[in-house]
Amino acid sequence: MRMLRDTTLVMALAAAHACFAAGDAPRAADAPDTPAVPFERFALPNGLTLIVHEDDGAAAVHVRMFYHVAEKDAGPGQRGHAHLFEHLAFSRTEGLDRRIWDFLESVGARDYDANSRLDYTQFFATADVEVLDTLLWLEAQRMAHLASAITEDDMRRSQAEVRREAERLAPVPDLRILKATLEHTYPAGHPYAAFDIAPPDVDAATLRDALRFYERHYHPGNAVLVVVGNVDAEAVRASVEARFGSIAGRPPRARVEPRIARGEGTRRARIEGVLRDRRLRVVWNTPGWGTADADHIALAMPSIAARVRERLMADGLAAQVDGGSDPRELGGQATLDVRAPAGADLAVIERAVHEEVARFAADGPTATELEEAKAAHRSGIDQALADLAGRAELLGVAELLSGDPGQIDTMLRRIANATAEGGASREKLLEGGVPGISD
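Numbered per my numbering, the sequence shown spans residues 43 to 481.
Don't take every hint at face value.
Claimed, not checked - Within a straight-line C-alpha distance of at most 20 Å, the following computed SDA-like cross-link-like pairs (lysine to any residue) qualify:
{"id": "1", "residue 1": "LYS221", "residue 2": "SER367"}
{"id": "2", "residue 1": "LYS221", "residue 2": "PRO241"}
{"id": "3", "residue 1": "LYS221", "residue 2": "GLY231"}
{"id": "4", "residue 1": "LYS416", "residue 2": "ALA431"}
{"id": "5", "residue 1": "LYS416", "residue 2": "THR452"}
{"id": "6", "residue 1": "LYS221", "residue 2": "PHE237"}
{"id": "7", "residue 1": "LYS221", "residue 2": "ASP319"}
{"id": "8", "residue 1": "LYS221", "residue 2": "ALA303"}
{"id": "9", "residue 1": "LYS416", "residue 2": "ALA334"}
What the hints assert, rightly or not - Label-pair ranges, simulated between beta-carbon atoms:
{"id": "10", "residue 1": "GLY422", "residue 2": "LEU249", "range": "40 to 48 Å"}
{"id": "11", "residue 1": "ALA290", "residue 2": "ARG401", "range": "54 to 62 Å"}
{"id": "12", "residue 1": "ASP175", "residue 2": "ASP429", "range": "18 to 26 Å"}
{"id": "13", "residue 1": "GLU276", "residue 2": "ASP405", "range": "52 to 60 Å"}
{"id": "14", "residue 1": "ALA189", "residue 2": "ARG318", "range": "22 to 30 Å"}
For the record, the hints were derived by calculation from the structure and aren't laboratory data. A virtual CB, placed ideally from N, CA and C, is assigned to each residue, including glycine.
My request is simple: use the sequences and hints to build the entire structure.
This is the structure in structure tokens:
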């Protein structure tokens, strides 16, 4: 039987900066000249961006369509509309007399789904290569031919699906912790501050609201299409131009300036509920996706977590310690999560965490820690690149958030090139006050 536990979130609101520094040119083995994911990039006259990665050894093709719209883009009365339309976008189209979901199954597609992240919405499917043109036709239907086909019944069904999803996920501890993290680390009005799977605006939305959302966001200038697999890039370009070229273009949306939430001191929040253990989460707001600081912080957090883990486990104060970072378009976050045994004093754990963070910020990593962090980071990237879907997502996100799919290689070079000589940049990890150290 699970027991009532609590989670304490300690929010360090000052932005964390790089804990490593750039060094000499990396060894070829660490950052080869050959791109991690070779690609061809095409821009259609109507604004659609196409990225193709050829893999002659693949037995399939993966198609992934990104739309640069998410919860962060919601205006007043529009919370949850990106998630709602993600569901609506599997409805019938003008050229399809059944739901897209059912059609994908009928053509042998697999691993097809969609999701709405904080920065974008994506639709994806894997299929045999001969099904590629059908998948491209389907995405063109979704982009340009939903409006006249969506009905009030589709709207009600999608709203019900979103409610059921919210009910199913409501008890999930990690989701509750994420919601609390965003609410307490960003000021009111920040695009990331309000996170809810099914906010009241979803049920209040009308079909007209949904169609306005579709008209505003689902168009070529707001989309990135990625095709990965056993394909020829020029042939894919020709097929995409045939399927999407007639869709009216509109200017691409202006890139949003990063809005890293800064503050003085810390905030604290406590979550109570049915959890399997007690937890402490410490969060720092950090620079966003594609920045050198974000890459270096991604390299630093596992090393910091390892130090905290060693100390707390030796004292019997932790069952598990994890550290990581989540870079996003407007600003990222670095987190340290401690799962504590029953009876452990979270205040004692918190002090230990901040002492280890301060030590790391002051002294930097050891040579061994640095090499282990680089190896672990590269291993994680290699795992993401192991399948077609992972490559497609990395390419698409890089294009969407930076305008350059080659940003993947820039990131890898930074990681390979990082040194332990962070100096003043490491000290910025403590900027603005960290509890137990500078308060």
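To see whether the hints hold, each was checked on the structure:
Simply put, LYS221 and SER367 have alpha-carbon atoms about 16 Å apart, close enough for the 20 Å limit, and the pair holds. Proposed proximity of LYS221 and PRO241 is supported: the alpha carbons are some 12 Å apart, at most 20 Å. Annotation: proposed proximity of LYS221 to GLY231 holds, straight-line Cα distance about 15 Å (limit 20 Å). Between the alpha carbons of LYS416 and ALA431 the distance comes to roughly 24 Å, so the proposed pair goes past 20 Å and is violated.
Our distance criterion of 20 Å between C-alpha atoms is met by LYS416 and THR452, whose separation comes to about 15 Å. For the hint pairing LYS221 with PHE237, the CA-to-CA distance comes to about 6 Å; that is within 20 Å, so the pair holds. Proximity of LYS221 to ASP319 is assessed by CA-CA distance (about 18 Å); at most 20 Å being required, the pair is judged to hold. The suggested pairing of LYS221 with ALA303 holds, with an alpha-carbon distance near 16 Å, which does not exceed 20 Å.
For the hint linking LYS416 to ALA334, the alpha-carbon distance of about 15 Å falls within 20 Å, and the restraint holds. At roughly 43 Å, the beta carbons of GLY422 and LEU249 sit within the given window of 40 to 48 Å. Remark: the range hint 54 to 62 Å for ALA290 to ARG401 is upheld by a beta-carbon distance near 58 Å. Taking 18 to 26 Å as the suggested C-beta distance range, the pair ASP175 and ASP429 conforms, at roughly 22 Å.
Taking 52 to 60 Å as the suggested C-beta distance range, the pair GLU276 and ASP405 conforms, at roughly 53 Å. The hint said 22 to 30 Å for the Cβ distance between ALA189 and ARG318, and at roughly 46 Å that hint is violated.
In this structure, the earlier hints numbered 4 and 14 are contradicted, and the remaining ones agree with it.
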